[in-house]
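Here is what each chain is made of, one letter per residue.
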Amino acid sequence: MVAVNELQEMYENMVTARQYEERLQEEYLEGKQPAFDISAGPIPGELHLAAGHEAAGAGVCQHLRDDDTVTAPHRPHHVAIAKGVDLKRMTAEIFGRESGLSGGKGGHMHLFDPNVKFACSGIIAEGCPPAVGAGLAAKQRNTDSVAVAFLGEGAIDQGAFLESLNLASVQDLPVVFVVEDNDWAISMPKERVTDVENGAQRADGFGLHGARVDADDAVAVYDAARDAVGRARDGNGPSLLEVQVHRRMGHFMGDPEAYRPDEDKDAAQQRDSIERLEADLRANGVDDETIDDLRSRAHDRVEEAIEWAKDQPEPDPDDAYEDVFVNPPSGVTDSEPSTADTGGDD
Amino acid sequence: MVAVNELQEMYENMVTARQYEERLQEEYLEGKQPAFDISAGPIPGELHLAAGHEAAGAGVCQHLRDDDTVTAPHRPHHVAIAKGVDLKRMTAEIFGRESGLSGGKGGHMHLFDPNVKFACSGIIAEGCPPAVGAGLAAKQRNTDSVAVAFLGEGAIDQGAFLESLNLASVQDLPVVFVVEDNDWAISMPKERVTDVENGAQRADGFGLHGARVDADDAVAVYDAARDAVGRARDGNGPSLLEVQVHRRMGHFMGDPEAYRPDEDKDAAQQRDSIERLEADLRANGVDDETIDDLRSRAHDRVEEAIEWAKDQPEPDPDDAYEDVFVNPPSGVTDSEPSTADTGGDD
Amino acid sequence: MAQQEDNASDQQADRSLTMSRAMVEAIAHEMRANDEVFYMGEDVADYGGIFDSTQGLLEEFGRDRIMDVPISETAYLGAAVGAAQEGMRPIAELMFVDFFGVAMDQIYNQMAKNTYMSGGSVNVPMVLTAAVGGTYNDAAQHSQTLYGTFAHLPGMKVVVPSTAYDAKGLMHNAIRDDDPVVYMFHKRLMGIGWLPAPDGPKTGVPEDDYTIPFGSADVKREGADVTIVTLGLHVHRALEAAADLADDIDVEVVDLRTLVPLDTETILDSVAKTGHLVVVDEDYRSYGVTGEIIASVAEAALDDLEAVERVALPDVPIPYARPMEDEVIPGTDDITEAVRTARGDE
Amino acid sequence: MAQQEDNASDQQADRSLTMSRAMVEAIAHEMRANDEVFYMGEDVADYGGIFDSTQGLLEEFGRDRIMDVPISETAYLGAAVGAAQEGMRPIAELMFVDFFGVAMDQIYNQMAKNTYMSGGSVNVPMVLTAAVGGTYNDAAQHSQTLYGTFAHLPGMKVVVPSTAYDAKGLMHNAIRDDDPVVYMFHKRLMGIGWLPAPDGPKTGVPEDDYTIPFGSADVKREGADVTIVTLGLHVHRALEAAADLADDIDVEVVDLRTLVPLDTETILDSVAKTGHLVVVDEDYRSYGVTGEIIASVAEAALDDLEAVERVALPDVPIPYARPMEDEVIPGTDDITEAVRTARGDE
Ligand SMILES: Cc1ncc(C[n+]2csc(CCOP(=O)(O)OP(=O)(O)O)c2C)c(N)n1
Ligand SMILES: Cc1ncc(C[n+]2csc(CCOP(=O)(O)OP(=O)(O)O)c2C)c(N)n1
Ligand SMILES: [Mg+2]
Ligand SMILES: [Mg+2]
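Protein chains in written order, with the working numbering: chain A, 1 to 346; chain B, 1 to 346; chain C, 1 to 346; chain D, 1 to 346.
If you're looking for bench data, these hints aren't it; they were derived computationally from the structure. No false leads were slipped in.
Which chain D residues face chain B? A few, computed with CB under 8 Å, are given here:
#	residue
1	Asp46
2	Pro70
3	Ile71
4	Ser72
5	Thr74
6	Phe99
7	Thr135
8	His142
9	Gly193
10	Trp194
11	Leu195
12	Pro314
13	Val316
14	Pro319
15	Ala321
16	Asp326
These numbers come from a predicted model, not from an experiment. Each residue gets a CB set at the ideal place from its N, CA and C atoms; glycine is no exception.
Same shape as in the complex, but just chain A (with noise of 0.2 Å):
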């Protein structure tokens, strides 16, 4: 059973990520229209919203700890939010301000916030040999924490994830892979990329623990994510976890989406995770008020942090000289500006 306070605090999550999301769309969007213009706006460059995800994020992260590791992919908004990273900094990110959580250098796909332990990647799988990487220091130093590695169904095809899962199982490390299934990989729906119907079923191949959560359900993923992650902190090794979540949007903002049925489209909208913990928690005796409560705390949060985020100044064209490495060769440095090569087109 879950406590109370936690489904709250999942939906208060969810919401946030909702109603995050729907504000950066609209962001997004501006200078973009009539026609669409990736490159222009407050928010350029590719965005992947998460919306329908939001019961993986939130089910997996509330068994998580500062100190435990996040990978996520190109999709990471949801996640992040459920970790606890800086939503400020994040969306200065997202809006490629200087204060953002990589003063503008990484954008969406590239939020990094160390203090909860949080990292994206944008190429499809090369999440999870990092997230390896953290559950073998805490193995080797001998914590407690765990590492968990998002990705999308259909990411389990990639050589990365599964040498992972093995690097994994036979080192024995406190990670957990979960596969955030919605269906769909851009315009590819799963069957036409594995013969498996259920992700989880890769686990088999490799003698580690898989799972699956049918429903999109941040109960139901809550308690699988506590045996998993569980399994993990109490040194008895790896899991996969795969858990059935939505597309609610195209793959990108921009994606018209052709390629994919009405009736799906529609299915997702209606399969709305959100809905269904509001409708738990009722059950569990949360009242109107309540709910409101947390609703209006996560819309405010999105505001703030959105205007906050556009208040901020951009970064210097310089900047983009630094941070190549932290300990830059003294004398040396290759990525100086020079006059000829980078004078700006500002």
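Assemble the complex: chain A is given as a structure, and chains B, C and D with the ligands must be docked to it using the hints.
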């Protein structure tokens, strides 16, 4: 049941491979004693002998035709022989001669014989994707050719193999993956690198057919391969077949094998698949004379190949500039020798 | 029927096409002409390619020839290698060139070397397409060109079109070539709905098929004072810079079109005339294209050189935020400035 | 305790060590001093490293710190990245640099970029070791140096020792550096039992620890007439060539020691003196090290240059047979000839 003539063919292939490698070993050590120098002697570079693996090559290839494709890894001789690669030109290649299969460009890890569709790669598991591609070509062209990728048990942790299982499976391609399990990957025993005892278990995670032959026994391999190759040829999709073999020698010539327990070395000597098959032959009524004939035919073939190869001229140094492309760019050839940079040492 | 190009700048055609349409037209033509040509990649079927590289092809050629594949670049690029070695002519797409790292072994150790390692008895007639380039704030893992990385490693021809006309002729040549060709198209030039292209790449394109031979650079603008050698997107920025400078300095713009083979002759002829060399590319500055071009001229015609300048991405990963990305990706102003510096007027 | 090097050539020590012993000594020292340092790789434990890179370390440090890993380079190099991000200081070995293609994404997109993408809030203090080089007929997939490939991509420091003295000091610096360092040791220089080394690399080595800073090239021989810039094995071939030429031409030999950062100053000083530049390396000729060095000098000091020559591997995969391998790998004679050409006497 295996027909007696097939038993004899396998036996001859296996004896040929064993005798061939014994002779290669002698030749290889020339100029490398008393102090071992890998770059000296008539056969320089790494040499990975397959003594103890013969049953895998013979048992599988017995089901293959010239138009079936085989890719082999760094330990290829027994498979090449069973697949019918031209022994003389293969030997000339290993001796680095002009009339070698690749004119001396490839050496023992890079044997290519397009007449029988045989190819190697020295990079672990990287022969698997091209085998999948050969299977794909067969399917696209609607032929009944199949493709077989050989690899070692140490290669089943590599992404290239694991991705290939999935791609072959989801596209239902006529491919057989044959894992030669000799218990060792150089100095690393299987249990140090994976939690799965039976490598064929990897198949489970991808929904393809898996099987393991537990004894180093050509007849058992033959039977299992009949099934796997048959499925592929009949359009019933790929298989993963693991076969127990034994490494009778070091990983490569010059390997001191200090890491390997004596009992393990002894055990490998005792479980000789060639003796086992010889017993099977006798049990099937094949007489001493026939067996002697097969052995001496193998012997003669090996001697002839080695003598022929050693008689062949070495390549011209300038041959090194040929064959980068089959359509060399006209006019501009970057790889042409220029006086200064490639004047030659000789 | 096919015509060899006489002089790109002389060619006229009634219709202009975007670069992506021109590329797709060549592919469709070759697919009609030859059953052995097929296209594989992620999201190339229903989606039509994230960068419109296969728009409309699924409808005409069906799923077997316009083939979606799992997110397993090693497996499917390797499968293309295998199918090509069987004599088929696959075109395989790496969605972003930035992903090369997950599959580089198949690219550089198999695709690029099998011809040589087999002494030419095997060849690999495949085209590897990949999207390159930044300017839309997609950050460090999705904005690279990596020209130098591919051009450095032997065995692949490397093609980088800058206009629709070139894109079509080079694609015809790439598919017909019997060697592996890496065809790198710049996202910003394609004319994709969501990423507006500048005017330059949209050119007249003959309806008939025609080939542009590899190793023939194209003088996109003639001039007497300074030679700019460049490729891809930066052809257009260089032309802009040349136009801006036209009153003071007469700039010649050489579009390399292929990096392997490299048309050193055209470069040397131009420098013999101008004496001033500015090399511009969008790849990292050090150990790459700009160094190679300057060194080639210094080696062959040191006395012709009065000044050299290079304009490239400084040796930093590509930052996300607009001011920093603008700073590091060479702009028209950077080129103008470098030309002035080369002429000695700062 | 640790001393910063004053001048390598002044250093004397009672004992000489092979390059591998010197390298191992530095690793052992750092492992004693810091529990967070550990070594992972294939065959690094019981075997002691195929190239003696970990000889004897298992006995002292045990399996947890001298760690054999599955043949899954992506997983374990990525695990090193992850552990380094947790603040550990892993040393991870890629057995042959030629295998980079199976794991390049972890190397160049994660290890090398996470510092930058995080705006410096995360750093990756790891050392990636790899054996490089040919001269023993191991053919196209096991003989490369790939210097240019690594040096081209930003975010990694790239180190190439040529003597035992340098190997130790550079290894101490590499392990203590807070950034990712790629440490490439040439097989031919290590002093491995099965691959005899020339005399040069075995030098006096102080017992105490000392660091050689990155970005400081070492003038291994002073001379007034011609500058040879080189690294790794070819330092010794260049010194041999210089000795052969000593009666006619006074050759200076600059050993780069690190490619990133590059010590342009030392090169320019030397060329200012000699006016004649010969660049020698064992990597592919085009788009690599030789081009970069020549271009850097041409950019900074065109007027100093009277002649440039480069001596490198022509743009062909490395052939197996001895006459062809000898032809393509630059020999002492090739260097001698290039020096003479640079001086105008052919
Ligand atoms: C190695 C690699 N290949 C391809 C891509 C391009 N890509 C980005 S997201 C994506 C689909 C991922 O699908 P899935 O893993 O199911 O995650 P989802 O987007 O559905 O959340 C692809 C192919 C990439 N980033 N990295
Ligand atoms: C990607 C890659 N990693 C490492 C190696 C070095 N290597 C060559 S053979 C080998 C062991 C292979 O073991 P296994 O697959 O069991 O085959 P076996 O040698 O036992 O026949 C290794 C690690 C390689 N060639 N390629
Ligand atoms: Mg998905
Ligand atoms: Mg083995």
